[in-house]
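There are 2 protein chains.
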Amino acid sequence: MKIAGIISIGNELISGDSLDTNSSWLSRQLLPIGIPTISVFTIGDDVKIISDTIKQALSKADIVLITGGLGPTDDDLTRHAIADVLGVDLKLNDELLSQISEFFKGRNINMARTNNIQAYLPESATALTNHVGTAPGIMAEYENKIIIAMPGPPAEMMPMFNKLVVPKIEKYGHGQVVLTQKMKCFGTGESVIAEKLGDLMARGRNPLVNCTVSGGIITLHIVAVAKTKAQAEDMIAADRDRICEILGDIVYSKEEKTLAEVVAQELIERGKTISIAESCTGGLLAKTLTDVPGATGYFTYGWVTYCNEAKVSQLGVNRDTIEKYGAVSQQVALEMAIGARQRSGSDISISITGIAGPGGGTEQKPVGLVYIIVYNGGAQKVHRFVFSHSREYARLRTVLTALNLLRLEFKD
Amino acid sequence: MKIAGIISIGNELISGDSLDTNSSWLSRQLLPIGIPTISVFTIGDDVKIISDTIKQALSKADIVLITGGLGPTDDDLTRHAIADVLGVDLKLNDELLSQISEFFKGRNINMARTNNIQAYLPESATALTNHVGTAPGIMAEYENKIIIAMPGPPAEMMPMFNKLVVPKIEKYGHGQVVLTQKMKCFGTGESVIAEKLGDLMARGRNPLVNCTVSGGIITLHIVAVAKTKAQAEDMIAADRDRICEILGDIVYSKEEKTLAEVVAQELIERGKTISIAESCTGGLLAKTLTDVPGATGYFTYGWVTYCNEAKVSQLGVNRDTIEKYGAVSQQVALEMAIGARQRSGSDISISITGIAGPGGGTEQKPVGLVYIIVYNGGAQKVHRFVFSHSREYARLRTVLTALNLLRLEFKD
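Heads up: the sequence lines are chains A and B, in that order.
Reminder that position 259 of the first sequence reads as 259 in the numbering used here, one-by-one numbering, no gaps.
Reminder that position 206 of the second sequence reads as 206 in the numbering used here, one-by-one numbering, no gaps.
I should point out that these hints are in silico values taken from the structure, not numbers from a laboratory.
Do not rely on the hints blindly, as some may be mistaken.
Each pair may be met inside one copy or between any two copies, as identical chains are not told apart.
Stated by the list, open to error - In silico BS3-like cross-links for lysine-lysine, where the CA-CA straight-line distance does not exceed 25 Å:
#, residue 1, residue 2
1, 272, 60
2, 365, 105
3, 60, 48
4, 48, 145
5, 105, 196
6, 48, 163
7, 55, 411
Excised from the complex, chain A in its bound form (with noise of 0.2 Å):
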């Protein structure tokens, strides 16, 4: 099996002003086609650290990917850095200058002097076509391994690798495909998804299942790699069979789908509506609803009601009611969730109150403390959670929860 070295070359990267894009695009194509990554490495615009890197990637890999430094300017130094890894001259292509010439006569444009620099080739290095820019991409080969450097411009580099350097690099792919499935999780930590999964989690495992979190949504991917397409489908597919057994309800989309996507395609298969009345997350409820696009098929109204008074005036709460348990408190959330089923006539409804902090917690009543209610017309449940941390997160963490409820709510 061959393998990948990606490097991504610039000041910018290193200096964090630029984030490098290109790399992970990169890989996410190389995959596919049999050809895993093993390393990136994102360096400034210097030609011995650029040199000593591109060495350092041929050690471990077998086809090393550069993209940047390929510009005009004087701190552009990929092709000087090539034909020193190569151990020979930069030499003028007369080819790749007519062709920079006509891509700027093209355009009505002035060459600059400092453009010829693009016609420069190492010697025994061929050239990649550049049909959006003018740097030309460079190909050579180096003890049996591969160095590809392409310009740093994604607009540029993607069509040049998808038209030019694909065709070259798959057949070195052959024999193998690697294929990754990802399912999403909520309502449990890490660390019980990998005790239930147990085995199945094992390093060295194929399929390797990995698992990432972001704001309290768990992601497995389950990774393939098998002689066909075909193969690494059924791995995949009994993997996932296997997981949704063992977590069950935890799995809340076989596909990479938002729980607000998934909590959407429920509503509208059954036809039902929506209505929403927040406090503490201001919006947010409603916001995340009203993400996936066709909402109006199944959301009608929304409260944000942020003071005492609006929980009052727009979604009938009892005055007396508020006064005698707080505004936070599972009775305030109950009549909230009346109010609004009732006042919208929309099937669900679903009521938030809590505190999102930083201010405005008690010992009885912590910052982070929410009630939330998905009331359908039947019995009540009161659902009380504690989520610290920051505004922020506990703003998040509610609205994902409130949807997840209302998820699971159809699942009965």
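Chain A is already provided as a structure; the job is to place chain B on it using the hints.
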């Protein structure tokens, strides 16, 4: 001068499933304290590759910062790799174990057995307390160089870096001081700003003035390099004043504030309350205004009147107005603003009605059409925009524009 190397660990990063934003953030924090980054390595969850890469990084850098691979599962191998580099064993740290148990107890969750591994440290290394999650960071010295490992989730990594790592490493940054100041602008394009600022944005100038754009918000970065902090601060202040003079009201913050924070401060200073009646933005404006802690001080009522019936029953919009002009019209926007202000009793109301798309557009009323009104009881001015691109972009641009209109209201 000390130099940093950064290593990001995770199979999801080299497969391209997730984008590594940690290393870019870290280099941005390191530069102002005088520690430039020489290279960034992104590698998978393999103990041999991790320890090899740490050794490689140590060969060129004095401070090696690692993120990821500190979780409780079998694919979290950073602590093993550091022990390998240091040539020591992992040892159970009783204090860490009790900290981790406390973390779970505090949340009323049973601690999974796999979490024990997070209490193990390479001998001779010290732990960095994690106040947000369970994975402690690791700090170790190696031949006068420093290895620092932090958890991968940005919400855990960032506070750990700011609170615990910066105080330990800032002493290594002596020599040159690099200060960066951000200024935030809204209401015009990048090229207009570049034209107005002219030579101020010339390359190679010190301070260097850069420009980045995200969701319509333009951020100017003033980067000054000087011998002392005071010198750099003076240089930045001079540029900041010139930029404010040239751009005027386009600059909404001379610090790194959001539009919502700026508007919230204005509302609080003036003792004004606000209510929101929004349709196509589905709660996003209310959410954005209540992102700011202390929103109780100015935010009172919010309505997400997604369906026509909600506009009528909740805001008192005339049914005839909707029939005659359509829900997306300046007339309905006006009645929404009046209804919201009257029913909430707030000083100011904002109304939004539009077509977020992707469906629902016509020739007269295209997708992206939106009406916004900021109403304080005086004269009403209807603002009409068409924000194309995507549903997400149209909603975001609408909300930012509404906040900006409110900000400009206070300028009069």
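So, going through the hints one by one against the coordinates:
1. 272 to 60: neither (56 Å within a copy, 61 Å between copies)
2. 365 to 105: between (56 Å within a copy, 18 Å between copies)
3. 60 to 48: both (19 Å within a copy, 12 Å between copies)
4. 48 to 145: Classified as both: same-chain Cα gap 21 Å, cross-chain 23 Å, threshold 25 Å.
5. 105 to 196: between (58 Å within a copy, 21 Å between copies)
6. 48 to 163: Result: close neither inside a copy nor across copies, 31 Å intra and 35 Å inter.
7. 55 to 411: Result: close neither inside a copy nor across copies, 56 Å intra and 52 Å inter.
Of the numbered hints stated above, those contradicted by the structure are hints 1, 6, 7, listed in ascending order.
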